[in-house]
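Asker: Same order as they appear, the protein sequences are chains A and B. Reminder that position 81 of the first sequence reads as 81 in our numbering, one-by-one numbering, no gaps. So the number in our numbering is just where the residue sits in the second sequence, counting from 1, plus 87.
A portion of the hints provided could be inaccurate.
Claimed, not checked - Facing chain A, according to a computed beta carbon distance under 10 Å, are these residues of chain B, among others:
no., residue
1, L208
2, G247
3, V339
4, V340
5, H361
6, P400
Claimed, not checked - Just so you have them, the derived chain A footprint on chain B, three or more residues with Cβ under 8 Å:
no., region
7, 279 to 291
8, 342 to 355
9, 363 to 370
To be clear, the hints were calculated from the coordinates, so they are not data collected in a lab. For glycine and all other residues, C-beta sits at the position ideal for the given N, C-alpha and C.
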Amino acid sequence: MTRLIADAAAALAPTCDYTTGCITCGDVAIPMSVMRLDDERGLALCSDDEGNSETVEIDLVAPVAPGDKLLVHAGTAIARLTEEVSA
Amino acid sequence: MKYVDEFRDPALGEVLAGEILGLVEPGHHYKFMEVCGGHTHSIYKYGIDDLLPANVELVHGPGCPVCVIPMGRVDDGISLAHEPDVIFTCFGDMLRVPGSDGTLLDAKAEGADIRMVYSPLDALRIAKANPDRPVIFFAIGFETTAPSTALTLKRAKAEGVKNFFCMCNHVTIVPPLRALLDSPDLRLDGFIGPGHVSTVVGVRPFEFIPAEYKKPIAVAGFEPLDVLHAIHMILTQIKEGRCEVENQYARVVPYDGNPRALEVMAEVFELRPHFEWRGMGFISQSGLKLSEAYADLDAEIQYSVPGIRVADPKACQCGEVLKGVIKPWECKVFGSGCTPERPIGTCMVSSEGACAAYYNYGRFAREREVV
């Protein structure tokens, strides 16, 4: 019975999709653009190219400005992307 | 997508594959390990294996943090999740990792309040929204993820959040690599180094691989052209008789990493004397725990956990897969007793696990070979 409930929970839970990779568990980071800054709390609202937005910790790459491109892993920007080095 | 599409160009991929063919010596078998689970995933997803000459073999390393979690730590997490009033938070893949008596998902079915989060910050948000209940974050990951946990713990402390705790399972990349290189049953010609771990630690920590073990290494990004380019760089080193650390992912990885991230980690964490790795046993100074200054937020100090060591299941050969001694399909239970839906070993759980990646993508290529 417990197994049945667990299976149902597994089917419903928003688990990571193993066909696309798990952004937090793997060494995966995605490029995002800074939309808005919350200087007081050291956070930024960032958006990826598909329009998904996320609140991102920016301590490791501060200072940042709207429009900056960041590499985001598990809700934290771990590196800054610049046009020159990415080309 | 900018920063992505240009590294998936099939025409450039063909050029690189052609050059790789010109770099290999016929009759010599090359064995390279991709350390990071993200690379394993890319290799299978994009069919990079198929573009390589038959005598270039890729071996999947221990770089998936979910795959290296031993069963005893899962049991400890489940025990914490069953504590009264606790909201237990963890990343999605962790939910399905089997402990000695079920998974976190089973514990959820039994009534424990277990929630999946995408970041430690999400867990802190849950803690702030539920001030009357303790919220425990099950932290896993290499140096890529550890700064994120460290910043969240700093934030919790600064904001005076009293109901947020962390069970720290963060691990470091260099000690397991050294353990692998010291392993007598391992024969490798080079390494594809972890890209995003290196944005934090830099390239410098990998200098010991060419210096002490005479193996070339190229730190690489995760797009298909990144991985092909890294293989090209390693083969070029071998052909030219060089042996050094090269940085294929220089567009993101600075040689010295991210000093601020290292500073934050040094403040919040300290090295454990030893930490158990699935299939690899105890490795000295390979795991992190919260420093004394953060003891108030340490779930392992604030709660009692069983802390019992549980042997890996006998049928499971995750350890040999992680060391690259056998390929996923050579495991006795691969695809039969152990599938992504019903995993026995951790390598089948995470999307970055060698077995799950191979089950989802690679087995089709192998089926073609057999036919």
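Asker: State for each hint whether it applies.
Answerer: Results for each hint:
1. Annotation: interface hint on B/L208 holds; nearest CB of chain A at approximately 4 Å, less than 10 Å.
2. Because the closest C-beta pair between B/G247 and chain A is about 14 Å apart, greater than 10 Å, the hint is violated.
3. Residue-level restraint check for B/V339 holds (minimum Cβ-Cβ distance to chain A is 5 Å; threshold 10 Å).
4. Proximity of B/V340 to chain A holds as hinted, the smallest CB-CB distance being about 8 Å (cut-off 10 Å).
5. Against a cut-off of 10 Å between C-beta atoms, the interface hint on B/H361 is violated, since the closest Cβ of chain A lies about 23 Å away.
6. Hint status for B/P400 relative to chain A: violated, with the closest Cβ pair at about 18 Å, above 10 Å.
7. Only when three residues or more bring their CB closer than 8 Å to a CB of chain A does the claim for the region 279 to 291 of chain B stand; here the count is 6, and the claim holds.
8. With 4 residues carrying a beta carbon less than 8 Å from a beta carbon of chain A, the region 342 to 355 of chain B meets the three-residue requirement, and the given coverage holds.
9. Note: the region 363 to 370 of chain B has 0 residues with beta-carbon separation from chain A under 8 Å; the three-residue rule is not met and the coverage is violated.
Taken one by one, the earlier hints fail for this structure at numbers 2, 5, 6 and 9, listed in ascending order.
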